[in-house]
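Student: Which chain is which? The protein sequence lines are Z and X, in order. Be aware that the first sequence starts at 7, since it is given in this note's numbering, and climbs by one per residue. Be aware that the second sequence starts at 7, since it is given in this note's numbering, and climbs by one per residue.
I should point out that these hints are in silico values taken from the structure, not numbers from a laboratory. Computed from a prediction, not measured in an experiment: that's the story for all the values here. Honestly, I wouldn't trust all of these hints.
Quick list of simulated restraints, FRET-style, between CB atoms [as the list claims (entries may be wrong)]:
| no. | chain 1 | residue 1 | chain 2 | residue 2 | range |
| --- | --- | --- | --- | --- | --- |
| 1 | Z | Val361 | X | Pro23 | 56 to 64 Å |
| 2 | Z | Gly332 | X | Arg144 | 47 to 55 Å |
| 3 | X | Gly332 | Z | Ala363 | 47 to 55 Å |
| 4 | Z | Tyr96 | X | Ala71 | 45 to 53 Å |
| 5 | Z | Gly166 | X | Gly143 | 30 to 38 Å |
| 6 | Z | Ala278 | X | Pro40 | 24 to 32 Å |
On the chain Z side, residues computed to face chain X include the following (Cβ under 8 Å) [said to hold, decoys possible]:
| no. | residue |
| --- | --- |
| 7 | Gly254 |
| 8 | Val274 |
| 9 | Ala297 |
| 10 | Ala300 |
| 11 | Pro302 |
In this text, a Cβ means the ideal position worked out from N, Cα and C, and glycines have one as well.
Protein chains: 2
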Amino acid sequence: MISLRNDTFLRALRREPTEYTPIWLMRQAGRYLPEYNATRKRAGSFLALCKSPDLACEVTLQPLARYGLDAAILFSDILTIPDAMGLGLYFVDGEGPKFERPVRDESDVARLAVPDPGAELQYVCDAVATIRTALGGRVPLIGFSGSPWTLACYMVEGGGSDDFRRVKTMLYQRPDLMHRILDVNARAVSLYLRAQIAAGAQAVMLFDSWGGALSDRAFREFSLAYVERVLRELDSQVPVIVFTKGGGLWLEAIAATGCDALGVDWTVDLGAARARVGARCAIQGNLDPMALMASPEKVQAEAIAVLESFGAPGEGYGHVFNLGHGISQHTPPESVSALVEIVHSHSAQMRRLRVSASSL
Amino acid sequence: MISLRNDTFLRALRREPTEYTPIWLMRQAGRYLPEYNATRKRAGSFLALCKSPDLACEVTLQPLARYGLDAAILFSDILTIPDAMGLGLYFVDGEGPKFERPVRDESDVARLAVPDPGAELQYVCDAVATIRTALGGRVPLIGFSGSPWTLACYMVEGGGSDDFRRVKTMLYQRPDLMHRILDVNARAVSLYLRAQIAAGAQAVMLFDSWGGALSDRAFREFSLAYVERVLRELDSQVPVIVFTKGGGLWLEAIAATGCDALGVDWTVDLGAARARVGARCAIQGNLDPMALMASPEKVQAEAIAVLESFGAPGEGYGHVFNLGHGISQHTPPESVSALVEIVHSHSAQMRRLRVSASSL
Numbered sequence: 007m008i009s010l011r012n013d014t015f016l017r018a019l020r021r022e023p024t025e026y027t028p029i030w031l032m033r034q035a036g037r038y039l040p041e042y043n044a045t046r047k048r049a050g051s052f053l054a055l056c057k058s059p060d061l062a063c064e065v066t067l068q069p070l071a072r073y074g075l076d077a078a079i080l081f082s083d084i085l086t087i088p089d090a091m092g093l094g095l096y097f098v099d100g101e102g103p104k105f106e107r108p109v110r111d112e113s114d115v116a117r118l119a120v121p122d123p124g125a126e127l128q129y130v131c132d133a134v135a136t137i138r139t140a141l142g143g144r145v146p147l148i149g150f151s152g153s154p155w156t157l158a159c160y161m162v163e164g165g166g167s168d169d170f171r172r173v174k175t176m177l178y179q180r181p182d183l184m185h186r187i188l189d190v191n192a193r194a195v196s197l198y199l200r201a202q203i204a205a206g207a208q209a210v211m212l213f214d215s216w217g218g219a220l221s222d223r224a225f226r227e228f229s230l231a232y233v234e235r236v237l238r239e240l241d242s243q244v245p246v247i248v249f250t251k252g253g254g255l256w257l258e259a260i261a262a263t264g265c266d267a268l269g270v271d272w273t274v275d276l277g278a279a280r281a282r283v284g285a286r287c288a289i290q291g292n293l294d295p296m297a298l299m300a301s302p303e304k305v306q307a308e309a310i311a312v313l314e315s316f317g318a319p320g321e322g323y324g325h326v327f328n329l330g331h332g333i334s335q336h337t338p339p340e341s342v343s344a345l346v347e348i349v350h351s352h353s354a355q356m357r358r359l360r361v362s363a364s365s366l
Numbered sequence: 007m008i009s010l011r012n013d014t015f016l017r018a019l020r021r022e023p024t025e026y027t028p029i030w031l032m033r034q035a036g037r038y039l040p041e042y043n044a045t046r047k048r049a050g051s052f053l054a055l056c057k058s059p060d061l062a063c064e065v066t067l068q069p070l071a072r073y074g075l076d077a078a079i080l081f082s083d084i085l086t087i088p089d090a091m092g093l094g095l096y097f098v099d100g101e102g103p104k105f106e107r108p109v110r111d112e113s114d115v116a117r118l119a120v121p122d123p124g125a126e127l128q129y130v131c132d133a134v135a136t137i138r139t140a141l142g143g144r145v146p147l148i149g150f151s152g153s154p155w156t157l158a159c160y161m162v163e164g165g166g167s168d169d170f171r172r173v174k175t176m177l178y179q180r181p182d183l184m185h186r187i188l189d190v191n192a193r194a195v196s197l198y199l200r201a202q203i204a205a206g207a208q209a210v211m212l213f214d215s216w217g218g219a220l221s222d223r224a225f226r227e228f229s230l231a232y233v234e235r236v237l238r239e240l241d242s243q244v245p246v247i248v249f250t251k252g253g254g255l256w257l258e259a260i261a262a263t264g265c266d267a268l269g270v271d272w273t274v275d276l277g278a279a280r281a282r283v284g285a286r287c288a289i290q291g292n293l294d295p296m297a298l299m300a301s302p303e304k305v306q307a308e309a310i311a312v313l314e315s316f317g318a319p320g321e322g323y324g325h326v327f328n329l330g331h332g333i334s335q336h337t338p339p340e341s342v343s344a345l346v347e348i349v350h351s352h353s354a355q356m357r358r359l360r361v362s363a364s365s366l
């Protein structure tokens with residue numbers, strides 16, 4: 007077993023002391039990088055890129071070659087599970103993901119089955135193993151999945167949606183059908199994450215990208231309950247991060263699922279989040295991705311404000327720096343250099359000031 | 007002066023006792039009603055409909071003819087102010103509002119001037135007066151405006167946006183320019199609402215539709231500070247409702263602006279909102295508009311859950327029932343009948359139960 011040379015990210019997730027605040031970025035391997043676009047072009051399509059373990063490995067490592075990031079994240083799509091269920095994932099340029107066979111009625115729901123991670127999803131496990139080997143212990147590798155509810159949104163809508171009309175019509179009119187979809191999804195997600203961990207993922211993240219579209223009551227019944235179930239069935243030996251976009255009102259409830267870290271978007275003040283969650287979970291976030299559109303000096307000022315809003319972690323607290331959402335394809339790559347540099351240097355300085363203040 | 011026959015809505019806003027929970031719906035005069043579509047067709051375009059006081063009056067009254075709603079809201083567009091500033095508002099079918107001359111640089115900002123409500127916006131004041139007369143005291147009339155930040159989003163983006171890249175680039179890179187736009191907008195909004203009140207509006211509402219797109223710090227600096235300024239300059243004699251979509255984390259801060267009521271979207275639990283805000287403000291909301299896609303029985307069950315989450319208003323509290331966002335064009339009109347009926351009957355019953363419980 008190759009030992010991990012930089013375990014700052016894992017220690018922050020476990021709320022152990024770190025010399026600085028670790029940073030990685032959601033969608034860090036992506037279209038803002040010219041080298042990513044070149045590999046994608048070579049692959050022929052986004053799906054071909056996801057389905058080739060070697061190419062997925064190549065793009066996963068690209069941002070690490072440029073920046074001193076403290077974690078790698080598996081390059082894959084959020085919709086691999088429903089694709090493996092046979093819904094027929096495809097992409098239309100500029101329109102995002104779509105399904106050929108969306109789940110619309112009782113018979114569609116009856117046909118759903120949990121995919122075998124060792125069969126239909128073997129390519130993902132292969133990518134995890136390939137990336138883990140290629141990393142050679144440089145930084146930890148994060149695996150991930152969409153949450154049961156978020157997968158259900160795409161499965162029922164048949165793609166992205168502004169108003170979630172189809173999936174919410176089912177939720178309100180036929181909650182029994184929605185629960186059946188979510189039951190299948192929860193089993194699929196826990197098996198999938200388990201397989202990623204077995205293949206080498208050193209932390210996993212659940213993206214509940216559309217939890218924030220639900221009412222308070224519906225969130226608890228249709229999203230949170232299934233996140234909780236995934237975590238229970240997963241019974242993970244590696245840290246689990248749960249990110250609910252737009253979930254700032256529910257931090258205490260999400261923390262109670264037993265996750266190790268809470269991902270939070272930029273609407274949340276990190277100091278307030280820390281006070282609400284206490285030492286139960288580490289917190290990951292939360293720079294507005296659009297702050298990266300400004301000049302390097304402005305980017306750094308915003309990053310410092312995020313670090314200071316959390317404060318020096320101190321005993322039993324953990325902060326992982328990230329954006330509050332995936333990085334935009336329009337981001338100038340030099341913004342990311344400036345960001346990573348200031349997060350490392352400023353957070354190290356905050357710790358030194360804290361130590362010298364406490365030794366007075 | 008014609009006396010108001012149904013002042014339930016105004017009493018709830020003032021946190022005075024009411025016999026039942028009043029209800030109105032954001033965008034209640036809209037495309038889900040066949041009679042609205044007929045009038046719009048006659049008008050020729052959406053903008054022509056907004057700019058004709060008689061037709062605006064006609065559509066404002068349409069939902070009141072069908073349903074026992076407790077308030078009317080001026081039919082108008084949220085972007086009348088930037089249109090009056092000369093930015094050239096136009097609509098492309100299926101794409102929402104656009105501006106011919108968006109505000110992109112220093113010289114665009116320098117050209118901005120506060121429109122005269124008695125000149126460029128006289129047609130809105132005429133519509134208010136026409137509707138007020140036509141209502142004949144049946145229910146109160148609500149006037150409205152977009153918030154300074156929400157108007158700025160459209161002005162800089164030149165239309166709707168998924169990521170607010172242009173307006174946020176300006177916010178992060180040139181906060182001085184952003185503050186100049188917001189300064190003009192705040193003066194324009196307070197004069198505009200003042201003119202609507204002078205013309206007959208009996209309550210006014212500020213729609214901060216895009217406040218929830220901001221980080222915690224940016225919300226306070228670029229949205230909330232200007233909402234507060236509008237309220238101060240308006241110095242309103244009629245109740246003021248502030249609705250920040252996605253603003254559930256900031257209810258205490260919004261309540262502190264001095265508004266009379268807080269509009270909340272469906273992610274917020276009304277009981278929790280009431281506990282956080284206390285008796286400082288009434289609360290307006292918050293059924294998920296997509297709940298109206300279900301059958302009348304399901305609609306009624308969801309409406310009861312919203313009423314029960316707030317609880318019987320009791321001394322010093324006020325609840326105005328509404329959706330958590332504008333009604334969808336896909337709403338079956340019979341869902342609205344079922345909703346209005348159950349909100350009135352169930353909320354009256356809740357008050358009776360409360361009285362009999364307290365007299366035990």
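Student: The structure should be examined with respect to each hint, and the outcome stated for every one.
Tutor: Hints, verified against the model:
The hinted range of 56 to 64 Å is satisfied by Val361(Z) and Pro23(X), whose Cβ atoms lie roughly 59 Å apart. Checked against the given bound of 47 to 55 Å, the beta carbons of Gly332(Z) and Arg144(X), roughly 50 Å apart, stay inside it. For the hinted restraint 47 to 55 Å between Gly332(X) and Ala363(Z), the CB-CB distance of approximately 51 Å keeps it satisfied. The beta-carbon spacing between Tyr96(Z) and Ala71(X), approximately 47 Å, falls within the hinted interval of 45 to 53 Å.
Checked against the hint of 30 to 38 Å, the pair Gly166(Z) and Gly143(X) fails, with Cβ atoms roughly 47 Å apart. Range check, Ala278(Z) to Pro40(X): about 47 Å between beta-carbon atoms, so the 24 to 32 Å window is missed. Look at Gly254(Z): its Cβ gets to within about 5 Å of chain X, closer than 8 Å, so that hint holds up. A distance limit of 8 Å between C-beta atoms decides the matter here; for Val274(Z) the minimum to chain X is near 6 Å, and the interface restraint holds.
For Ala297(Z), the suggested interface contact is upheld, since its CB lies about 5 Å from the closest CB of chain X, less than 8 Å. For Ala300(Z), the interface hint holds, the least distance from its beta-carbon to any beta-carbon of chain X being 4 Å, beneath 8 Å. Restraint check, Pro302(Z) versus chain X: the minimum CB separation of about 11 Å is more than 8 Å; hint violated.
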